[in-house]
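Q: Generate the whole structure from the sequences, applying the supplied hints.
Going left to right, the sequence shown walks through residues 1 to 89 as our numbering numbers them.
Please note that the accuracy of each hint is not assured.
[Said to hold, decoys possible] Calculated lysine-lysine pairs in the DSS-like style (CA-CA distance at most 25 Å, straight line): (1) Lys61 with Lys89; (2) Lys58 with Lys31; (3) Lys45 with Lys22; (4) Lys84 with Lys58.
Keep in mind that the hints were calculated from the coordinates and are not lab data.
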Amino acid sequence: MEVKNRIRRACCPTGARIQIAKEFVDRFDYKLPFFVDTMEGDTMKAYGAQPERLYVVKDGKIAYEGGPGPFCYSIDDLEQFLEKLIANK
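A: In structure tokens:
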């Protein structure tokens with residue numbers, strides 16, 4: 001039985017996480033690269049993914065760069081930027 005729009009918990013082995021990510025990509029026809037880290041956060045540790053940043057890349061160039069998170073960026077600003085970007089397509 002399939003449950004639509006169900007969010008699955010991320011606490012599972014890496015292989016299962018990869019399968020869940022593949023299902024997401026297939027279900028939503030997701031076109032952007034999608035990456036899955038290990039439960040231990042190996043990629044995050046290797047690449048220093050903290051603090052998080054919000055970026056929009058358009059035509060291979062950074063079109064929007066939010067401040068370092070979680071306190072120096074605005075989701076509302078990002079949303080407005082994306083709305084303008086889509087409206088100008």
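Q: Work down the list of hints and note, for each, if the structure agrees.
A: Hints, one by one, checked against the model:
1. Lys61 with Lys89: holds, 16 Å
2. Lys58 with Lys31: holds, 14 Å
3. Lys45 with Lys22: holds, 23 Å
4. Lys84 with Lys58: OK: Lys84 and Lys58 at ~13 Å, within 25 Å.
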